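Chemist: As you go down the protein sequences, you meet chains C and R in turn. Just so it is clear: in the first sequence, position 136 is 136 by the numbering used here, and no numbers are missing. Converting from the second sequence to the numbering used here requires adding 438 to each position, the first position being numbered 1.
Careful: at least some of the hints might be erroneous.
To be verified - With the Cβ distance kept under 7 Å, some of the chain C side facing chain R (calculated, not the full set):
(1) 163
(2) 178
(3) 240
To be verified - Which stretches of chain R does chain C cover? Using the computed rule of at least three CB atoms under 8 Å from a CB of chain C, they are:
(4) 482-489
(5) 534-547
Honestly, the hints are just simulated from the structure, not real lab data. Note that this is a predicted model, so its numbers are computed, not measured. Beta carbons are placed, not taken as given, at the ideal position from N, Cα and C, and that holds for glycine.
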Amino acid sequence: MTSQDRYQWRRDQDGLGVWEHRGKVAVAGYGHSPVDRRWDGVTMDQTVGAYSVLACQKAMNDAGVTPDQVDGVICCDSHIAGPSGGSASRWAPRPYFDPPYDSELGLTLVNAGWLIKQLKLPKVKFAPSGVPSIGEMVGMASQAVGDGRCTTCLVIYPCGNLEGRYRRGGENSEDYARGARQWTVPWGNHGGNDFINIFPHNQYCLKYGGKHDDLAPFVINQHRNGLMTPWGFNASHGIDQLTLKDYVTSRYILNPLRIWDCDRPVNASTAFLFTTAERARDLKQPPVYVLNHSQHNFRQRSTQADLEVIEDWTDRAARRMYEGAGLGPADVDIFNPYDGYSVMSQFFLEAFQWHGVKRGDALAFYAGDIRVEGPHPFNSSGGNLGNGRTRSAMYTDSIEQLRGTAGRRQVRVRAETALAAFTTPSSGGWIMFGKHPS
Amino acid sequence: MPRLISFDIDGTLEVGDPPGCVTMRMVRVAKDLGYIIGSCSDRMVSNQQRIWRDHDIAVQFTVLKHQLDTVKADFEAESYYHIGDTNIDRQYAQRAGFEFFLPDSAVTYFWLPT
């Protein structure tokens, strides 16, 4: 086992140049568990642990890899609801079950060690702890394979969700807001991005024109794409297509953020199999090459980032990605930025200038044809808004589009490169995929 | 004059996600007793209507959670009750002038013999 603490894998600086492993690492497989709203606390083959095992098996099957060939396991070992998850993120003090469910592992958390045991992986030599979330994790896997830390690496992103109020535990359930929280919590900030992004979003509308509900075409299209994603929550649970009326009459969570601007927490797990480009060419699926990865954790200048700061951060993230991939905006075919709150996607779209969209253009762009059948198939995955908070749809769709296996979501435009991310404007990571290694 | 009960769905009704302790049988009993009944949920209205249709229960209203006040405006009743499982339900019920019940206390109050 290797701790990630000593392994410097991040590409989180400006001016790093073209990634040294560009095109030498590939994604060879992926697997999704079913996506449930919550674990019911009873059905043991539907725990986040069981779902993670299932996702890994599917990813190995998809790639044509056997357990004895896996030598790397990178699993995000924190809970998606975070430390304020409360009863929605921790099984205790309820009694545990027989092994392997005799601790939080498998019920609310999953780590590499637990998975290696359940999957009976005999040759794992790289299994770091303290693994970040999926936006950075895929970069970690890319770098680890490129650096030779492992050659066949499972990358797992578990998203557990129990009954209870999501993110309403811990300090969020206290009557008092202490420290820096006193400046934000009384206005509704509970650790998510709602308040963080709403302020610059309102500034955006003032500066460039437009109003909040101009996001409706984007959100509705995310739901449409989600309904064309068979494994996603909406498609697998009979959720109706969101309409304009549904959107504009929906409840404010934090004005002007509406309930449909927020993704739906789910109980699910996703796995990807990263390997060397050379090995991937001998596996079952056409390789999807990694052309670059980058991370960022920009320094907060204040308790509240404003539009100017967010535009600067996202511009820098875009420059890093394009520089490392040796590509520019015109080279990107598939663009799957994060959409956990709809109000932040425009910052990414404009920073990366996908399909020529410049600062202030996003709302008009949303009003055009962004369907997968059209000329500008923005966020063809449906993202989190269309599939539930798996945070993995952006990656899977990118892989499927480049393979040509996205089914009803398959874009009609060229699909040879793809950008995907789970990131906020301030922190997270991006990855660039290619159908070809160069 | 009839009384009116508004049902939240998730965490309240047995068909919710998560399931609540108010059964569809209880809803039917309330309807048979003459209550004006309907749902008030964050689910899309079309989805609420489908649930009632699937269970063959004719309801008088299906509204979004923040639209509970429109129910009071549309229906004249002796008393207005909202049954829901969250503080959001409580907030909107109180704002609209409804008496609020958590699901388990509602079961005791409305359906268990005294």
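Chemist: Hint by hint, note whether the structure agrees.
Modeler: Here is what the structure says about each hint:
Taking 7 Å as the C-beta cut-off, the interface hint given for residue 163 of chain C holds, the closest approach to chain R being about 5 Å. Evaluation of the residue 178 of chain C hint against chain R yields a violated restraint, the C-beta minimum of about 21 Å exceeding 7 Å. Because the closest C-beta pair between residue 240 of chain C and chain R is about 5 Å apart, less than 7 Å, the hint holds. With 5 residues having a Cβ less than 8 Å from any Cβ of chain C, the stretch 482-489 of chain R passes the three-residue criterion, so the hint holds.
Restraint check on the stretch 534-547 of chain R versus chain C: 0 residues with Cβ-Cβ distances below 8 Å, three needed, restraint violated.
In summary, the numbered hints that this structure violates are 2 and 5.
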